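S.K.: Residue numbers (our numbering), protein chains in the order written: chain A, 1 to 426; chain B, 1001 to 1316.
Just so you know, not all the hints are guaranteed correct.
Sample of chain B residues with no beta-carbon within 12 Å of chain A, all distances over it, derived [to be verified]: (1) I1037; (2) S1112; (3) R1173.
Which residues of chain A face chain B? A partial, calculated answer using Cβ under 10 Å [said to hold, decoys possible]: (4) G64; (5) G193; (6) Y198.
These are computed hints drawn from the structure, not numbers from a lab. Everything numeric in this text was worked out from a predicted model, so none of it was measured. Every residue, glycine too, gets a C-beta built ideally from N, C-alpha and C.
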Amino acid sequence: MATLKITNVFLNDQSGTLIIKDNTIDSFVQGRMSLDSSDNTFDGKGCTIMPGLIDVHVHLREPGFEYKEDINSGLGAAAGGGFSRVMAMANTAPVNDNSAVTKLMLEKNQVHHPYGPYVHPVGALTRNLQGKELAPLAELKDAGCKAFSNDGLPVQDNELFRRAMEYASDLDMLVIDHCEDSYLAADGVMNEGRLSGYLGLKGIPTTAESMQAARDILLAAYLDTPVHLAHISCEESVELIAWAREKSIPVTAETCPHYLVWDEEAVQGYNTLAKVNPPLRTKKDVLALRHAVKSGVISIIATDHAPHADFEKEVPFAQAPNGISGLDTALSICLQLVRDGVINLSDLCGLMSHNPAQLFGFPVNRFSKGDPADFILVDMEKKWKVTSESMLSKSKNTPCLGQTLQGRVMANYIGGQKVLSRLDHS
Amino acid sequence: MNWTHKDLLDIESLSIEEIQHIFHTSSRFIEINSRSIKKVPILKGKSVVLFFAEPSTRTKTSFDMAAKRLSADSFSLATSGSSLKKGESLKDTVLTLQAMKPDVIVMRHNLSGSAGFISKHLKCSVINAGDGWHAHPTQALLDGLTLNQVWHSNFTGKNLLLLGDIAHSRVARSDIKLFTRLGCNVRICAPRTLQPSGVDTWPVKVYNNLIDACKGVDAVISLRLQLERQKAGLLPDIREYASRYCLSRHHLCNAGPDVRVMHPGPINRGIEISSELADSKDSLILDQVESGVAVRMALLFLYCTGNKNEQEIQED
Ligand SMILES: [Zn+2]
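Starting from the given sequences, assemble the full structure and let the hints guide the process.
M.R.: Next comes the structure, spelled out in structure tokens:
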């Protein structure tokens, strides 16, 4: 029985040693512990211990766009960001609408990161993401997909979306919807409002999101079938979700770190690094989203990690692709919310680990005996500069490029195996 | 005045003094343009690239004539001949142009922010000849120069109306910034579908009835309507638009006594402005064209010679 002891760490404000046996959590022993020379130990150097993070919404770009990111580099960034599992969207080329693509992703994971982080493919809801006919959902599930989504090209046909929800529920699988009315959003490149009028850019109104969120909620109520709403960006959607949850309609939702810290002002000067879909909204929306994650109306923070090459972002604003590279910085950005008192650390563990694990059926680590030994060591004080060198993702497209963030993942363990360490010992 | 700006991207970056300096410099070129020999050698040896990634006959001709009258060499790069169509990025295209060492690149582009984008990558000066819906500073300056002459440099308290498609108009955005800075009360009149989002935060009074909008007005600038706005669902049809927003004499019955009408051109007669009014003595439409060449001469002069002594105009 292999035993590993992580000494000198903090768990729930208690200092002590984490003991791992047989690749699962055994116990946390407060205070100093006398160690046997035969013990396999790792000095946690005063870091705070958190469960391994789970990201339910990333784009890993393989197959098809390996110059932006591939499974190897994307999972490397996930490891560096503190994630043990990520769910990868289907808008690859070819689209993940058949078992061959799903299997390819899982095989690449095995080859490059056999001990994790793990990629869990999200299958396309419709063939080639066209929104016209259902993808072979059972085949995708059997191949290893964890959910279905037309992310990026949301299904506009309400009848088809209803049937997709029904068919997926037969398979005990969740549908994830990128809420966007494609007519209201057409050709829009930023939030519609004061700034879009000033900059002369076509805007995307908040109603493009909230109307689709309302559709999904009403269908979930009518069918009594769950649906998960991706990367929620605005106050109206939050209010609709709150209403739905009050009525026990089976709806869950996620938002992203960028919607919790930046508003549309970040695109001033036509800054393409802040161009994302849904767009960064207003201060009012940021406050509504912060309140939503605090109150549990939105129960998950996902990155929507969307890497793009620098030359793709070095174009006039309207031509730039949407997306922020998020895996490297997500935890550090969210720790700012903890320091600001918006949420506490245990809320954050819920939002970035326990809740996504529960919703999508992954093992949950609450540091109780027998929980999976998926955990990270975080230096809460450590300041680090976001640069192309310090980011492990192939793509460096984030508005915080060049900024200094506080709080750094120093080690990442998955299933008791160390998959990343920034602490200076062997 | 020393000219310290590298680029002209928008109106915001100009101070009132700088705007007045441009008007002052332009009026000297108006004088030169009225001579029988309209060419001076002050920009001899300077190179101006006219990079028009969106077609425009009049603005390009105006800049071309301005450059030639100052004896600069002008080179044209139009969309059809450019490699943009072959998939080259805008950045690579302008870096290629820069390698040929021009002094100024004048750019027209259909995307907002594109002039600012290229200026970040270029060491030579960039003059924005219109970018998307964002800005058209040289048009605003020529509109300003035209009214500067009519109003004898007194803009304070004058009522100016911008009429038509404000939402998609770089001319409107730049005119509003220029004329409010100069002290005018600016109004806009447009159907709600053609008003920009966030218009309530703009320093303008908003009207949707043209008769009301014209009350006590000193000048009206009617804007060009892109006829495809109807297909985009922003208007029922062009005829209905004309019946509500085509500026004609009867709208001006309660206007100021010396009301003037303007239009950046090219005009859709009978849609944006009545033909009779466009050709009337109150119309400044052709004065705008004349001001345009002078303003662009002034700008090319300022951006090519930078902080050199302005007496050069006279010495040459
Ligand atoms: Zn999405």
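S.K.: Evaluate each hint against the coordinates.
M.R.: Results for each hint:
no. : hint  : result
1   : I1037 : holds (41 Å)
2   : S1112 : violated (4 Å)
3   : R1173 : violated (6 Å)
4   : G64   : violated (19 Å)
5   : G193  : holds (5 Å)
6   : Y198  : holds (7 Å)
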